[in-house]
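Just so you know, the protein sequences line up as chains A and B, in that order. 1 is the number of the first residue of the first sequence in this note's numbering; add one for each residue after it. 1 is the number of the first residue of the second sequence in this note's numbering; add one for each residue after it.
No wet-lab data here; the hints were simulated from the structure. All residues carry an ideal CB built from backbone N, CA and C; glycine is no exception. Just so you know, not all the hints are guaranteed correct.
[Said to hold, decoys possible] Between beta-carbon pairs, the in silico distance windows are:
(1) Y71(A) to G98(B): 35 to 45 Å
(2) R41(A) to N100(B): 22 to 32 Å
(3) L108(A) to R63(B): 20 to 30 Å
(4) P8(B) to K70(A): 39 to 49 Å
(5) N55(A) to P83(B): 37 to 47 Å
(6) V12(B) to A29(A): 36 to 46 Å
(7) K18(B) to S20(A): 46 to 56 Å
(8) S20(A) to N70(B): 38 to 48 Å
(9) G14(B) to D78(A): 19 to 29 Å
(10) E84(B) to G94(A): 20 to 30 Å
(11) L46(A) to K9(B): 17 to 27 Å
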Amino acid sequence: QKEVEQDPGPLSVPEGAIVSLNCTYSNSAFQYFMWYRQYSRKGPELLMYTYSSGNKEDGRFTAQVDKSSKYISLFIRDSQPSDSATYLCAMNYGQNFVFGPGTRLSVLP
Amino acid sequence: DTEVTQTPKHLVMGMTNKKSLKCEQHMGHRAMYWYKQKAKKPPELMFVYSYEKLSINESVPSRFSPECPNSSLLNLHLHALQPEDSALYLCASSQDSGENTEAFFGQGTRLTVV
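One chain only, chain B, in its complex shape (with noise of 0.2 Å):
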């Protein structure tokens, strides 16, 4: 099983909500990553969490806020964002965080800023 499973798959949210989107896999990985991807350009890295801690967080702004609570699982909070913020986010996991491994991707939640 290579499957990264992310919900929902569509989220709307107005610039004043909070909103999570939530990244699963059961493959055994023990680094998990959020990238952002706009539309017609490559995914662009976010977070990366290597055994549960936080090791890269690429400049993001503080209205992005991720959570690791166990190996399989993990969540990107979400508040006050702006529109320019919407995009698809991908979830990715791959065996650990060091180089020579392959990162396996979620089909994506596509965010929608109003």
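Chain A on its own, in the form it takes in the complex (with noise of 0.2 Å):
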């Protein structure tokens, strides 16, 4: 069983759509959760960063987490064409950073 899950996709939505992406992870001792947004051939570009069980809003974007069930999600409203690209949840764990395998995101206008 891979550390941490992720549907592949990919997921395609109409412009003005409400999108939810989520992983599972299956380490308890994971703390701090991040979801990183990368457009093709470029870098990761951190997008939101929390440690706590809740939700936590910058924007159009929501982060929830869910400890209990080793359960977080991103969500992205009002979606927009320039959302396109693979999101990617990372755990911090000692001195790495754990990846799920990407969830390629195409927002159609």
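From these two lone chains plus the hints, build me the complex, please.
Listed below in structure tokens is the structure:
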């Protein structure tokens, strides 16, 4: 079993839709969670980070963590074509950042 | 400023060449990382430097040699690479190498070995 699971997609939605991206993890030692956006052939860009259960909002993005279920989510409201990218969840553990495999998102105009 | 700068952006090298990748950050971060990313895969950790000392080497072949000249700079020296080493090489930095910290990535160097 992989440490971090994520549906690879591709996920296609119409412009303006609410997008839900999810990761599950198996290691209860993970305490710090991040979401990155990666455009093709570019480096990952940090979108959100959180270390507590509950919701954290930043503009159109909301990160949600449920440690009891070992489940994290990223919601994107009013999705735009410019949101089309691969979204990676990541968890900080010791001196490493463990990544999910990423979900490819396409927002269609 | 949350910028990590990597040079060059693209590199094509032969299997007998020696080249270096460079990374720079001015955020005062004390941990710096090299990751390798193949197409449609997540980044994989190669090396971690903490306070300018190598703290993690993920069993990377010796044809990859990291160097941390100071707290702002990180190099990756390449020698006698193989075509399967072609990938996006990412540098990252974080406040420190402990837990409860987030990493900031550069745009990467796209390496092609011919």
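Here is what the structure says about each hint:
1. The supplied range of 35 to 45 Å is broken by Y71(A) and G98(B), whose beta-carbon atoms lie about 25 Å from each other.
2. As the Cβ distance of R41(A) to N100(B) is approximately 31 Å, the hint placing it in 22 to 32 Å holds.
3. A C-beta distance of roughly 43 Å is found between L108(A) and R63(B), which places it outside the suggested range of 20 to 30 Å.
4. As the Cβ distance of P8(B) to K70(A) is approximately 40 Å, the hint placing it in 39 to 49 Å holds.
5. Between N55(A) and P83(B) the Cβ separation comes to about 46 Å, which falls inside the hinted range of 37 to 47 Å.
6. Taking 36 to 46 Å as the suggested C-beta distance range, the pair V12(B) and A29(A) conforms, at roughly 41 Å.
7. Look at K18(B) against S20(A): about 47 Å separates their beta carbons, and that is inside 46 to 56 Å.
8. The supplied range of 38 to 48 Å is met by S20(A) and N70(B), whose beta-carbon atoms lie about 43 Å from each other.
9. With their beta carbons about 49 Å apart, G14(B) and D78(A) fall outside the hinted range of 19 to 29 Å.
10. Judged by the Cβ atoms, the range 20 to 30 Å given for E84(B) and G94(A) holds: they are separated by roughly 28 Å.
11. Checked against the hint of 17 to 27 Å, the pair L46(A) and K9(B) passes, with Cβ atoms roughly 20 Å apart.
In summary, the numbered hints that this structure violates are 1, 3, 9.
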